[in-house]
Each structure stands twice: as C-alpha cells, then as structure tokens.
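Chain order of the listed sequences is A and B.
Each residue of the first sequence is one higher than the one before, starting from 1 at the first, in this note's numbering.
Each residue of the second sequence is one higher than the one before, starting from 1 at the first, in this note's numbering.
Source of the hints: derived by calculation from the structure; they are not laboratory data.
A couple of the hints might just be wrong.
[Stated by the list, open to error] Think about it this way: if two alpha-carbon atoms lie no more than 27 Å apart in a straight line, the pair counts; the simulated DSS-like pairs of lysine-lysine are:
{"no.": "1", "chain 1": "B", "residue 1": "LYS387", "chain 2": "B", "residue 2": "LYS408"}
{"no.": "2", "chain 1": "B", "residue 1": "LYS387", "chain 2": "B", "residue 2": "LYS463"}
{"no.": "3", "chain 1": "A", "residue 1": "LYS348", "chain 2": "B", "residue 2": "LYS137"}
{"no.": "4", "chain 1": "A", "residue 1": "LYS384", "chain 2": "B", "residue 2": "LYS86"}
{"no.": "5", "chain 1": "A", "residue 1": "LYS348", "chain 2": "B", "residue 2": "LYS86"}
{"no.": "6", "chain 1": "A", "residue 1": "LYS308", "chain 2": "A", "residue 2": "LYS381"}
{"no.": "7", "chain 1": "A", "residue 1": "LYS349", "chain 2": "B", "residue 2": "LYS137"}
{"no.": "8", "chain 1": "B", "residue 1": "LYS146", "chain 2": "A", "residue 2": "LYS349"}
{"no.": "9", "chain 1": "A", "residue 1": "LYS6", "chain 2": "A", "residue 2": "LYS152"}
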Amino acid sequence: MSELTKLTIAQARDKMAKGEFTAVELTEAHIKAMEAKRNLGAYIVETPDLAREQAKASDLRRQAGQAGALEGIPLGIKDLFCTKGVQTTAASHILEGFKPQYESTVSGKLLDAGSVMLGKLNLDEFAMGSSNMTSYFGKVTNPWKSKSDAAKQLVPGGSSGGSAAAVAARIAMGATGTDTGGSIRQPAAFCGITGIKPTYGRCSRWGVVAFASSLDQPGPMARDVRDCAIMLGAMAGHDSKDSTSAPMAVPNFEAALTGDIRGLKVGIPKEYRPDGLSDEIQQVWEQGIEWLKAAGATPVEITLPHTKYALPTYYIVAPAEASSNLARYDGVRFGLRVEGSSLDDMYKKTRAAGFGPEVRRRIMIGTYVLSAGYYDAYYSKAQKVRRLIADDFKKAFETVDVILTPTAPSAAFGMDENTDDPVTMWLNDVFTIPTSLAGLPGLSLPAGLNADGLPLGLQLIGRPFDEETVFKVAGVMESAAGFTATPEGV
Amino acid sequence: MIIQGDTGDWEIVIGLEVHAQVISNAKLFSGAATAFGAEPNDQVSFVDAGFPGMLPVINEKCVEQAVRTGLGLKAQINLTSVFARKNYFYADLPQGYQISQYDMPIVGEGTLLIDLPDGSTRAIGIERLHLEQDAGKSIHDMHPSKSYIDLNRSGVALMEIVSKPDMRSPEEAGAYLTKLRTILRYLETCDGNMQEGSMRCDANVSVRPVGSTELRTRCEIKNVNSIRFVQQAIEFEARRHIDVYENGGEIKQETRLFDSVKGETRSMRSKEHAHDYRYFPDPDLLPLVVSQDLVDSIQATLPELPDEKKARFMAEYGLNAYDAGVMVAEKDSAEFFEGVAKGRDGKTAANWVMGDFFATMNSDAKYTWTNPPVTAENLGKMIDLIKDGTISTRLAKDVFIFMVESGKDPATIVEEKGLKQVTDTGAIEKAIDEVFAANPDKVAEVKGGKDKLMGWFVGQVMKATQGKANPGMLNELIAKKFKE
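Given only the sequences and the hints, what does the whole structure look like? Please build it.
This is the structure in structure tokens:
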C-alpha cells in the first residue's frame, strides 16, 4: 500500500501544490491499488489509460499555474453518472455497452476542477437498493471485516456501495454518489467514510441516470468532512439544463469548517428511537450528543411526528417516478434489445431480460400506485404526507440549527442477511428517507466502531441550502470522534 | 343541421380537439430545431431521443405563444400550470411518456366566434388550451417486418385546443376550424397547415333527438387532415349513429379513423388493452409560473384580430359583412385591402381587390402576398386616377393589366400608353361630327325617334377615340348634337 493512497484530498492537494509529488504519481499509486483490490468489485469499469492521460494534463496545468480545486485528485465516479465515451450502465444489464456521447454536469465539473477519473463505480441496479447486491455486474464487498467472524462477507450498503467501498479501501481519494433515500449516507456509514447528500437542487441531475427525479441528488463521498466540503464545492452550482437545480451561489464550504459551534442548537428527534433500536447505535448517538455539548452546542429534544410515515411514503413516491423514468429503457434506441415477434413482445422480452428483480419490483409498485383508481389513494396521498414530513422539519428548524440522528439502524450486515425480504432491506433507510423527502442536506460521518469492529455512522441534517452549518458541526464531531480506524489491509 | 331519421329528427353534437404546432425555432423542452422537411432524425437532441440522464427545460418562447393564443381566444390565462407525464409505450415515444398538461392547463375557458355563410356569427366555447410535446413518426411501409422511426417531430411543441361540444353541424365545425386557423395565423402562433400536419383535428361526434339536451356516447375521429374531410367525417359518423340508434343498437365509445377515399369512418384496430396513462406531475419540471406582467406585455403586442378588423372594415370602409369577412379571412388580404382603401372609397377598393386583383392572384401560383400581381400602393393610385377623371373605369381595366405585366405605377402606364381619357370637348365633338357625317341615315333614324341607336353612336365615337373619350362627356355631347 503506497503512502500516497493514504492521504486525504486536502493533504494531497497541499502536497502537490508544494511539488512533493505529481498527479501522475498519485494517479499511478491509485491505479495500482485499484487493480490490487479488484476482489472488492468496487469498479464496473476501470479507466487507467484515461486517468493517466488526465493526470499528465493536470500536471501541465499546474505547471502553467492553472490548478483547479481538485487538480490531479483521482476520483471514482458512480456508474449512474453519464461519462462521455465511457460505458455507463447504472449497474443494469439493460444499459450494458452504452457509451454516452455526453458528460454529466457534475462529473464534468469535477473534471473541470482538475480531477482525474479512475473508473466507474458499482452500485445497486438503477440505484435501487441498500446493499449493493442488486448490481448486474456483481456484488460489492465491504472492505471492513467483522472481528467476530472475519470470513463473513459484509455488504458496503447501497446504492452507492462501490463508491463507499472504494473510498474506504483507498482505491479512490473520493467518489461521487447519488442519494435518493439514503444511497450516499447509509453506505458511507457502513464503510466508515463521510458522505453528504446536499439539499435537493444543489447539484445538477443532468446526465445522471434518473431513479426518482424529485429525490435524486448527487453528492460527494470521501474520507473526511473537509474532503467532502472541497468536492461539493466543485460539484455544486446552478445548471440551466436541470429545471430543478437551484439558482443559488455556491458558498466556500471548506471555509465553513471553523470548529466553532458554540451556541448552536442541535435537535434530537424523539421519533428516531424506534423499538428495537440496537444499544450500540443508541450509544454512539448519545456519544455524539455529548461531543457537541462539550463543544458548546445545546441539544434540544424535538419532535418530527410524521416520521413513521416516511418509509411508506417513500416507497410510493420513488417507485412511481421510477416506473416512468425507466420506461425509456425499451430496446428501441440504445442498450439491450431482445428481439420479439412484435413491438410489445420486444418490449416485454427486453425489459424482462434487462432489469433485475428489485428494479422490476419497483416498476410494478410504481405502475400500480399511479394507476387509475389507485392514484388518489396512493400517489396523491403520499404527496400530501410528504408535505407534512417537510413541514415537521421546517417547524423543527425554527428552534434548532441542525439535527443529529443515527445514519442507519445497524452496522454493515452480511451478504446473506436481509435478502429474502425486501421490506427488511428497505428498513435500512428509515433514518435517511425523511431527509430525502424533505429535500434537506444530510451528512453521515463515522462516529465509532461497534463490538465487531465495524463502523457506525451519525447523520447531521441541516436547513435547506445550509450545508455550511452541517459541515461546521460535522467537522467538530469528526475531531471529537477521532475516528482513525481503517479496514483491514489499508 | 337537422337530420331526418326514420324515427324523428336528430341533432349532431360536435366538439373538436385541435393540435396546433407552435411556431418556434426550438422544441418545447429541447434546443433542437423544428423546421418542416428536414432529413429523418436530423433534428433530434438527446433529450428528444429520451437518452439516459437527459432532462427537459421549458422553451419560454412556446409558453409565450400559448399565452398569446389564449389571449387571442379571449380565454383565461392560468398563471400557474403544471406539466404532467402521460405514460404509454410506443416506438416513436422515446421517453415512454409524453409531457403534457393534465388537470392544470396554461389556458382555461375562452370563446371563438364562427362566421356562418349567411353573414351571421355564433359563439363556440373553448374548454382549454394546453401545451404538450409531439411524438415522433412511425413509418411502417418501408420494410416488410420492421418499422422506421423519425424523431424530428419528437418534442415539438403542440397546443391542444379543446372546444366545448357546442357545434351542431359539419358546416359549423368547418367554420370553427377556418376561424381558429385564421386567428392562429393572425397571432403567428401556428401556421395552420393541415397538409403538413402542423394543425391536426380530432372530432368528437354524438347525436341526440332534436329537443333533447342529453349528451349521448361520442366517438372520437382521429387526425383528419383537411377541413373538408372533417366535415365529411362528421356527417358520415352522425348518420352512422342515427342508423345504429334507429335500429335499436348502442354506440360504444371508441376512437375511429376517417378513410378519405371511401368517405367513411371505421373503428381503429382495437388495442389489446385500454390505455391507463398514469398521469402524474412531471418531477423534472417545476410548476410553470407565468407573471401577470408577461401576460400584459403579450396582450399589448396582440394584433387586431379578425373579428375586430371585420367590424372596423364595416364601420370605416362601409363594407358589408360578407365582403368584410372575405377581406379579413387572411391577415395578408386584410392588410392589402387596407393598403388600397386607406383614404379612398372603401367599396371601390373592395370591388377592385375582390374582382380583378383576386382573379389575377388566383390565376398563377407565382403570385403570393409577398409577390402580389400589383402592389396595394399602385392599385390605390389607379383608383385615384379613376376618381380624378384621368382614366375611366373601363380604361382602368387595361391599366390594371399593364400594371400586372410591367409592375409600373399607373400614372406612368397612362402616360406611356396614352391612355389618358379625352376630356377636350373640341376633340370629342370632332369625332362625333365625323361619325355623323359618315352615317347620315342612322342620324335620321335617331331623329325619327329611334332612341336605341344612341348607344350605337356612343360606341362608334368611343372606338374612334380608342376608348379614351370621357364617357360622361361623350354621352352629353351626343345628346346635345341630336337636339341641334
């Protein structure tokens, strides 16, 4: 393991600025590490040649005094982002071989900031899942091992499981994720890294394969809070190509890491203590509250009364949008086509062969809830409840500045667990989904290890477009937690 | 129109849905071009082709055009409207859904006045106008087992304009379409070309016994591509309904196609399953909010519309309802007429425009409103020459022909061709004397009381002056000569 892959983005940035090593060297170290850890299944496609080329160009830019915010930093890109000339699959058979002729706004901004792309990262098919077990291109293995059962293969979480595993295993300095109901935060928690789902509208969705348009939001995943702040600064910004992207200036997120949270009020929602919440999660949450208190913030118990409706609401809204968003994968213009005796037959065969079971399940649920006669009972009502959930947060933020909750109800689980019942799997996102429905920023950072030596994450939720406060509080917690554990072999 | 059946008199109830292609350079949600006649799949963006990760962005020009049309139809403009997805699978629908407007259209209720042949008008209600994307085109006859898809039309902005079921005859339906097309053209929001498919019509037809106010089951006749065919299709469909009812049958609600060769409608191949379009608000688009300021500024640029223009032509130029209706049927003809009539006698101008001018205009396809046979300015000047006595109406016919041939202004033609009418008494008297001298017997006949021959003398003298004698003076002088 090269020393170079152990650096954070901020460290590498500063060292390259001083000329201690080049982007080419940093990239080579990561290509080597990436190739050595193929057993994780983190990447669907590796692009070492492209990375070398980009690293060379980066060094030239630096020499010319034109270094960007992420100059020479090797990143992995979740395979939900369309990348020009590089296969983009959403981890689905139906898009196998699809090479976009366009670059997503977010991945394009990262390239413009000087970064290097190592490859396309694995995910749950069409970002639907919390385990990264649904990818057509193979499951992703969490680099962390349980102390009590080292042979047990753990999931990295999902859907951004490849991104989380790659960052944790030091085979990417940072990665893009997307979060619809927890797809950045839950895998970040499972893999002991930091990730933030920004406010809906902060990052452009243009060029990101859509799952649920009103919820999808790209965000960064990295080793620490500062790296996330740096990456988000490069990824965010208004995009006229995405009507839902917010026309707001991008603040200097890194500058928000002042370390001073004195006087801030931190909301502790009482509804986030469901029956059966494990003691270890409870404990790390309590610990988090203590750290913030010690730093001069005030914990305030708050109520988010509609929390219990969030999961069912999400599992109406997200599949409804998905059922429509995924209609374009029909075998007519790109991706997989299975010939049939008629147009309808071709559709049926193509989609049956192209989509995995979880995707098919959600398309069916979504189609059902939008059907004539069911629309009012399901979709329409879900939209109303979604509004109530958002109002809960709005009200809470009248008295508090940030909200602290666990990220997930458990640490990473085994690949053979939770697989026979989809609803149990969906419960993984119980703490992250309300934030998504409300469109708020949510950050997960590693706060400690459980008895098995597996990382546990805490989530900080902020006001709309107030990622700065989230970062500021996260920075303080990160210092207090002093989380230095790494997966085996790092 | 009342149709007499075996069991009694029937009335037709007609509502029309018109899809009008918005005049705009780019599509409703993408920057791709919209020009007619491009090579297949030449005007397709990744958005129009439904590629992964592509997002729609509303084209403000199309929104303005919809508002403009709404104002032209005296309709309510909804400052907030919502785009919804209409979900169905078809090979020429790349996204698997059409972005349309469902329960919150941009334009609400309005009114359209139709002009009937007897010069009367009738108000037809407009139910709504909404914006939506067009689909692509499937071409099934180029390969034995495959279909070709052309996505040039995919994503082009359409206005769906829905009437209330207020029409009662094929003629009224025709008048509605004609008037709607006129208004769209005045507004320059749709070119109204039914042959090129930029205006398409679906007709909803039902019948009921005269005196009844019920609305019976309707059938929808899809995509009829001329006004005449719409009328034929309605008439056929109405008679079919009456036949079915009078034979004790029931009409089932369905979509039918019009076969213009056979002049009949027939049921569309019944789909395997009824469509459930699963409409829901498009999460890629925010609600469409239009400011009152924008509406006001569009209102301020609205042209004078045909109804107002017609009323003004009647009041200002003394035209009758029919002539005024003809003049305003096209914006260009109205402008031409006004160019001729301004500051002159309106009826004279109307006679020339509707007579010699229209006849010449229609005689050759090379003439268009941008290339008329004579300019409004020259035609006007010619009328001035008649009025000031320089030429007679008779000579003016010749001057008109010379203007068409040469494009020169009428004064020059009169000068060059020597067409100025003779108003010199001496010259005319001289010509009369010569005719009298040559025809003493006829002079005697007239003097003997055969007044009818007076006209013959006028003709002879006119001929002798190559038609240039002022007709009024000539008549007067001949009469005077006989009294001598």
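Hints and how they fare:
1. LYS387(B) <-> LYS408(B): Cα-Cα ~19 Å, so holds.
2. LYS387(B) <-> LYS463(B): holds (23 Å)
3. LYS348(A) <-> LYS137(B): With a Cα-Cα distance of about 22 Å, the restraint between LYS348(A) and LYS137(B) holds, given a limit of 27 Å.
4. LYS384(A) <-> LYS86(B): holds (21 Å)
5. LYS348(A) <-> LYS86(B): Satisfied, since the Cα-Cα distance of roughly 20 Å is no more than 27 Å.
6. LYS308(A) <-> LYS381(A): This hinted pair holds, its Cα atoms lying about 15 Å apart.
7. LYS349(A) <-> LYS137(B): holds (24 Å)
8. LYS146(B) <-> LYS349(A): holds (17 Å)
9. LYS6(A) <-> LYS152(A): holds (25 Å)
In this structure, none of the earlier numbered hints is contradicted; all agree with it.
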